[in-house]
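*Asks:* With the hints as your guide, set chain B onto chain A.
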Amino acid sequence: MSQAEHPFAALLAEYVAECLPLAEDVAERVVALERGWRDGTDTGDLARPLKGTLHTIKGNSAMMGLVGLQTLAHRLEDLWGALLGDQPGRDAGVGLLVRGAGLLADLVRATATAPPADDVAAAFIEEVDAYLAAEAGAREPAREERRSPDRRATDRRQTRAVGEIGADGAVTTIRVESQRLDALLETFGEVMIAQAGLRDAIRQRGRRSGGDPAQLERAMLGLDRTLKRLEQDLMETRLLPISTVFTRFTRLVRDLAHGEGKEVRLEVAGGETRLDKTVIDRLGEPLVHLLTNAVIHGIETPDERTARGKPAEATITLRAVQRSDRVILTVTDDGRGLDPDAILRKARALGHAPAHESPSRAEIFALAFLPGLSTRDTVSHLSGRGVGLDVVASSIRALSGNVAVGSEPGRGTTFSLRLPLTVAVLRALLVEVGTERYAVPLADVAETVRVAPGMLHQVVRQGMMTWRGEVIPVLDGGRLLGGTASGARACCVVLRSAGERHRGLLVDALLGHQEVVVKALDPALGRPPAVAAATILGDGRVACILDSGRVADGWIEPVATLAS
Amino acid sequence: MTDSILDFAAQLDVAPAAPVAAERELHLVVFRLDREEYGVPIDVVREVVRVTDITRVPHAPAHIRGVMNLRGRILPVVEIRSRLGLAPAEVTPASRVVVVEVAGRLLGLLVDAVGQVARVGERQVAAPPDEVRTAGADAVTGVARMGQRLLVLLDLSRALSAFSPSTVPVS
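So the protein lines, in turn, are chains A and B. Mapping of the first sequence onto my numbering: residues 3 to 566, in sequence order. Mapping of the second sequence onto my numbering: residues 103 to 273, in sequence order.
Next comes chain A alone, as it looks inside the complex (with noise of 0.2 Å):
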């Protein structure tokens, strides 16, 4: 909001597009700076470049007036210069320099909504000082980089507030290189030229009664081809590489692995593979409590690790791949996994129990993303901070996407976050219910099963179906959706929730499935529960999409059971 009052606004947001990558960059350096010089491997190659890029992030601080932050990289600079030489009490220097780039990528990134003030970073500059003055006067070892408690408190704190600039530190400016524009330019040339043929076609079709009709259809043809493929530049231009999100984890684990005295190294792999600019956005934050819950709760001790004869370091990885459409994001940890019978016995206590009496451990752990189950008496992996696992999987839902979790007693656990390249367009299946058509994500759809006589069952007043062997709830779509009139209900649609759990949803009929533009809808309608957006269709009407995740989960209440 003050953004947009700032005079500099539109600068601003110039800044900090050119400068976050830059901060963050260095603040990714100098963790594994720290770790090679740890480690005394070599570290030429991270070192080279970390004076040229302070320097340049201090010159476009003055040049916007930000004080606060050139004064920051100006210190950061001189630390840098006297911790070159392999001296003792170096590691002290190197914690600082390791603090001081988190909060300058910190404060780089916080200026996007509101510049900070000159004296931001005053009591960090008076340490590095103080530092450097030890250093230079009587050479004598520093004070031990040794954490007394309250200093682990603050260090808390500030690993927290990571998460929330990790949550909200969304992407407001996207460089797209010239070809790509020029590219985007061309197709929409060959557009317009097909606008023409067609406007020829139906011109032709006015004179001589009649015309050639499939004339008027290789014309139309030809446009939907081109609009097809300007739609695919178009979304090009909104792609990001997901290291976007990743480089500011390096920070988030090596803090919070401080903070929780255990000894943990990231290792990411697939940062260039690109997603959408919404998807990456919203991405930070359900990967922040999935990394924080393996730090906390998923790696053991370094002792606790050592006597199971694991190293005492322990490995986190993040890994992203594409799939054809799909991007799969990986979360691994070899901690101590997760307890299947903890999981099992929560969930029945909840009421969950599994369909069958001897579920799989990929059923159970299923399980672990429904409401209420992760929670710290149970399994103390899941725990965290207050964010349980269906907060996470529902907001991979959000982004049409789904999550799941694989984990070996003793020897780590995986999640595995399935995602779309985009959330502008989407596969859908189009169902009628009623006189009124909706459209329903295809990712849900487990499969379509036409009704037959004796298929369904009323349980208690809840429908019921038998599917695969399993016994599924069965929805009626009128009666979900409150629509007035009744139909055939001849068709079902078998949905999957993120937790692999199924139900039915019977409508009338079954219109084909096609890719449908997701506009989102305004704040007026509410949230209604079984909506998640709406899409235009070919004829220029409205129809909803339904939010079949949630209506798998079976989250909107069973308002709806058949019709008796």
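Derived by calculation from the structure, the hints in this document are not laboratory data. Heads up, the beta-carbon is just placed ideally off N, CA and C, and yes, glycines get one too. You may find that some hints are simply not true.
[Stated by the list, open to error] Quick look at which bits of chain B chain A covers, simulated, 3 or more residues with Cβ under 8 Å:
1) 152-164
2) 173-181
[Unchecked claim] What follows is a list of derived Cβ distance ranges for each label pair:
3) A:234 x B:203: 32 to 38 Å
4) B:134 x A:514: 41 to 47 Å
5) A:206 x B:134: 42 to 48 Å
6) A:34 x B:259: 52 to 58 Å
7) A:444 x B:137: 48 to 54 Å
8) A:353 x B:154: 45 to 51 Å
9) A:45 x B:203: 55 to 61 Å
10) B:161 x A:188: 43 to 49 Å
11) A:472 x B:137: 58 to 64 Å
12) B:134 x A:472: 54 to 60 Å
13) A:206 x B:206: 45 to 51 Å
[Claimed, not checked] A partial selection of chain B residues facing chain A, derived with a Cβ cut-off under 8 Å:
14) 169
15) 170
16) 207
17) 209
*Replies:* The following block gives chain B in isolation, referenced to the frame of chain A:
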């Protein structure tokens, strides 16, 4: 297709003006609900369009008729009749959707018909009479007399304030 606001601008010239010395004038878009005429300030009205298909949104708040396609944009359509305590009516060929901008958002008001743009001198506006005791009385800011006709002035931000998500109206 669309009755552009420009049509109204053209009508402005022919509408009877009543220039009284230094009196401020209200420019109002006039629409009809049942037999009553209502006016909303012209500067909140973006355009007036014919009613195309309105899609019902399941479990939407009361007073929301549905959504329609406004040139590729999803426009919520408000059943302003029920907001003002009138029974909902059928859509007829005369029905229109008045597209208004309130608090930065576009909303459509489903009305029975749209008339001309009227200019009303501020002195012709009286406080709403005590008889106005409909459900939507809080949204009525005054009554203007135009010759024999009576024009009910609406405060849209008040009439539509109920549509912020936190205060979904309970019918």
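*Asks:* With reference to the structure, classify each hint as holding or not holding.
*Replies:* Against the structure, the hints come out as follows:
1. As drawn, the region 152-164 of chain B meets chain A at 9 residues by the rule of a beta-carbon pair under 8 Å; at three or more, the given contact holds.
2. Remark: the region 173-181 of chain B is confirmed as covered by chain A, as 6 of its residues place a Cβ nearer than 8 Å to a Cβ of that chain, reaching the required three.
3. Range check, residue 234 (chain A) to residue 203 (chain B): about 34 Å between beta-carbon atoms, so the 32 to 38 Å window is met.
4. As the Cβ distance of residue 134 (chain B) to residue 514 (chain A) is approximately 42 Å, the hint placing it in 41 to 47 Å holds.
5. Taken as a hint, the range 42 to 48 Å holds for the pair residue 206 (chain A) and residue 134 (chain B), whose Cβ atoms sit roughly 45 Å apart.
6. A hinted range of 52 to 58 Å holds for the C-beta pair residue 34 (chain A) and residue 259 (chain B), which are about 55 Å apart.
7. Separation of residue 444 (chain A) from residue 137 (chain B) is about 50 Å and conforms to the stated range, judged on CB atoms against 48 to 54 Å.
8. Hint check: residue 353 (chain A) to residue 154 (chain B), Cβ distance near 47 Å, so the stated range 45 to 51 Å holds.
9. Between residue 45 (chain A) and residue 203 (chain B) the CB atoms are about 58 Å apart, so this pair conforms to the stated range of 55 to 61 Å.
10. The hint said 43 to 49 Å for the Cβ distance between residue 161 (chain B) and residue 188 (chain A), and at roughly 45 Å that hint holds.
11. For residue 472 (chain A) paired with residue 137 (chain B), a C-beta distance near 60 Å keeps the hint of 58 to 64 Å intact.
12. Distance hint for residue 134 (chain B) and residue 472 (chain A): a CB-CB separation of about 57 Å, consistent with the stated range 54 to 60 Å.
13. Distance hint for residue 206 (chain A) and residue 206 (chain B): a CB-CB separation of about 46 Å, consistent with the stated range 45 to 51 Å.
14. Satisfaction of the interface hint for residue 169 (chain B) is found here, the shortest Cβ-Cβ separation to chain A being roughly 5 Å, below the 8 Å cut-off.
15. Residue-level restraint check for residue 170 (chain B) holds (minimum Cβ-Cβ distance to chain A is 6 Å; threshold 8 Å).
16. Against a cut-off of 8 Å between C-beta atoms, the interface hint on residue 207 (chain B) holds, since the closest Cβ of chain A lies about 6 Å away.
17. Because the smallest distance between the Cβ of residue 209 (chain B) and any Cβ of chain A comes to about 6 Å, under 8 Å, the interface hint for this residue holds.
The structure meets every hint from the earlier list without exception.
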